[in-house]
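Colleague: Under this note's numbering, the first residue of the sequence shown carries the number 1, and numbering increases by one thereafter.
One or more of the hints may lead you astray.
[What the hints assert, rightly or not] Each pair of labels, with its calculated beta carbon distance range:
1) Glu-71 / Arg-21: 21 to 27 Å
2) Gly-59 / Pro-36: 27 to 33 Å
3) Tyr-54 / Gly-8: 30 to 36 Å
4) Glu-71 / Ser-37: 20 to 26 Å
5) Pro-36 / Ser-57: 27 to 33 Å
6) Leu-28 / Ala-67: 16 to 22 Å
[Unchecked claim] Calculated pairs, DSS-like style, for lysine-lysine (alpha carbon to alpha carbon, straight line, at most 30 Å):
7) Lys-79 / Lys-41
8) Lys-41 / Lys-76
9) Lys-79 / Lys-53
10) Lys-39 / Lys-72
11) Lys-39 / Lys-76
12) Lys-39 / Lys-53
13) Lys-2 / Lys-76
14) Lys-41 / Lys-72
15) Lys-41 / Lys-53
16) Lys-72 / Lys-2
17) Lys-72 / Lys-53
18) Lys-53 / Lys-76
19) Lys-2 / Lys-19
20) Lys-48 / Lys-72
Calculated directly from the structure, the hints in this document are not laboratory data.
Only a predicted model underlies this, so the values are computations on that prediction, with no experimental measurement involved.
We treat Cβ as the ideally placed atom computed from N, Cα and C, and that holds for glycine.
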Amino acid sequence: MKQFGRHGRHFYRIVAIDKRRARDGDVLEILGTYDPSVKIKESRVILKPTRIKYWLSVGAQPSDHVAIFLEKYMEKFEKAEAAASSGS
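Construct the entire structure; sequences and hints are all you get.
Modeller: What follows is the structure, given as structure tokens:
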């Protein structure tokens with residue numbers, strides 16, 4: 001997770017990054033966002049499930065915090081993506 005925002009108003013991008021790079025260094029791809037200050041809980045996390053699956057399939061290892069988000073929210077975003085692709 002790459003941190004952005006000002007003091008007291010942080011938000012994060014969930015990114016694919018080479019493990020040899022700094023947390024806030026160059027990223028390979030942005031895979032989602034997390035904004036803890038959003039009032040509606042369901043809108044705090046946004047994920048791109050197909051790209052996340054791709055990176056996991058080529059050996060990417062999620063951080064502990066990202067793994068929690070994936071476990072908690074991945075199914076919801078997979079269903080939404082499937083519904084969008086089927087035209088519903």
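Colleague: Is 30 to 36 Å respected by the C-beta to C-beta distance linking Tyr-54 and Gly-8?
Modeller: holds (35 Å)
Colleague: Between Gly-59 and Pro-36, does the beta-carbon spacing fit 27 to 33 Å?
Modeller: At roughly 29 Å between Cβ atoms, Pro-36 and Gly-59 fall inside 27 to 33 Å, so the hint holds.
Colleague: Lys-39 and Lys-76 were given as a pair; does the straight-line alpha-carbon distance stay at or below 30 Å?
Modeller: It holds: about 19 Å lies between the C-alpha atoms, which stays within 30 Å.
Colleague: Does the Cβ pair Leu-28, Ala-67 satisfy 16 to 22 Å?
Modeller: holds (18 Å)
Colleague: Please verify whether Lys-79 and Lys-41 have alpha carbons no more than 30 Å apart.
Modeller: holds (18 Å)
Colleague: With the threshold set at 30 Å, check whether the alpha-carbon distance from Lys-53 to Lys-76 stays at or below it.
Modeller: holds (14 Å)
Colleague: Would the pair Lys-39 and Lys-53 pass a check requiring their Cα atoms to be no farther apart than 30 Å?
Modeller: holds (28 Å)
Colleague: Does the alpha-carbon distance linking Lys-41 and Lys-53 stay inside the 30 Å limit?
Modeller: Holds. Lys-41 to Lys-53 sits at ~24 Å (cutoff 30 Å).
Colleague: Can you confirm whether the C-alpha distance between Lys-72 and Lys-53 stays at or below 30 Å?
Modeller: Holds: Lys-72 and Lys-53 sit about 15 Å apart, inside 30 Å.
Colleague: Within a Cα-Cα threshold of 30 Å, do Lys-48 and Lys-72 meet the stated pairing?
Modeller: Given pair Lys-48, Lys-72 holds - Cα atoms ~14 Å apart, limit 30 Å.
Colleague: Is the Cα-Cα distance between Lys-2 and Lys-19 30 Å or less?
Modeller: holds (13 Å)
Colleague: Within a Cα-Cα threshold of 30 Å, do Lys-2 and Lys-76 meet the stated pairing?
Modeller: holds (23 Å)
When the structure is compared with the earlier hints, no violation turns up for any of them.
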